[in-house]
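Undergrad: Those letters in the sequence shown? Residues -22 to -1, 1 to 275, per mature numbering (1 follows the signal peptide of the UniProt record, and there is no 0), in order.
Hints were generated in silico from the structure; no laboratory data involved.
Check the hints yourself; a few may be wrong.
Stated by the list, open to error - Simulated DEER-style distance windows between Cβ atoms:
(1) Asp71 / Pro134: 17 to 23 Å
(2) Gln26 / Lys179: 27 to 33 Å
(3) Thr8 / Gln80: 23 to 29 Å
(4) Asp86 / Gly198: 31 to 37 Å
Just so you know, even glycine gets a beta-carbon here, dropped at the ideal spot from N, CA and C.
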Amino acid sequence: MKKWLALFVFGMVSLFATSAHAESYETTKTLKVYESRSFNSPVKKELQPGERVYVTNQHPSGWWKISGGFIAPEGAKVEINRTFEAFDWINMDSAKYVFGPQTVIARDGTLRGEILIDTYLGQKWTSVNGMPQIMKQNFAAYSSPEAKNPDAWFAPQTVNILQTKENGWSLINTYLGPKWIVRYPHVEHINRDFYAYNEPKYMHHGVKFSAQSVRVLQQGENGWKKIKVEVGEKWIAPQGSYYHVPNVFTAFDQPFGRAIGTFAPQTVFVVEESTTSFGWLKIRTYLGDSWIRTNRN
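Work out the full structure, taking the sequences as your base and the hints as a guide.
TA: Set out below in structure tokens:
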């Protein structure tokens, strides 16, 4: 009996000792309860304004321990010890800002690793270890965006982007050291000779290339794609695109061939370009595919 009483008293003392260190807190806004002291940990539930919880521990970083998890009513400190990029949205194609190493106040996060932070420009999205990017295909890594040959190929995986460029080139860490990759990696094989242009339109600045596999950097509009070739970045329309003919024009069965019809000014769909007679485009018409000559010389 005495032993049981002693255990009972010890338990009561322990209970009151725990409660004595707990502070009551009434929420004034919606708060997420996280599984651990990280905005990248799972959210266990949400507290609504007016709910009362008991805080058993307050960490210097801003995290509070409550029953069932952790909250950060005023955000939590996160140290980023490198120059980093932050974005308007969880999207590396949104507006980008560059900041030096610093301790930031984070407000929210994702399971992938992004965090929402306060900056003097407003709230932005970033990540301590780099913005996560899922690479769904095998991808090449280069010593620089100007390199012609890759240093290595990697299997599909999630990588952390440390630095980005507007054309899709991104810096990551690998076991070989920092390497550059194309954030939208895609290799397309062009099985015929083709012209590539400085802009996404048929123009007189075309550069002729032989059939080859090219790296697609960007998907443009109306079938145009930005590619990386030996002379730099160019635009191609391998599956065709639209071209506006402003005057009455004649269509032929082949370049310099037999006329098959005359057409009013209109926008036509270009199926193919002649790589032997520059300026000739194969277009779709109600008479079938035909060739027209454009004044692009």
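Undergrad: Give a verdict on every hint.
TA: Status of each hint after checking the structure:
For the pair Asp71 and Pro134, the supplied restraint of 17 to 23 Å holds, since their beta-carbon distance comes to about 21 Å. A beta carbon spacing of about 55 Å between Gln26 and Lys179 contradicts the range 27 to 33 Å that was offered as a hint. At about 28 Å, the beta-carbon gap between Thr8 and Gln80 stays in the expected band of 23 to 29 Å. Hint check: Asp86 to Gly198, Cβ distance near 33 Å, so the stated range 31 to 37 Å holds.
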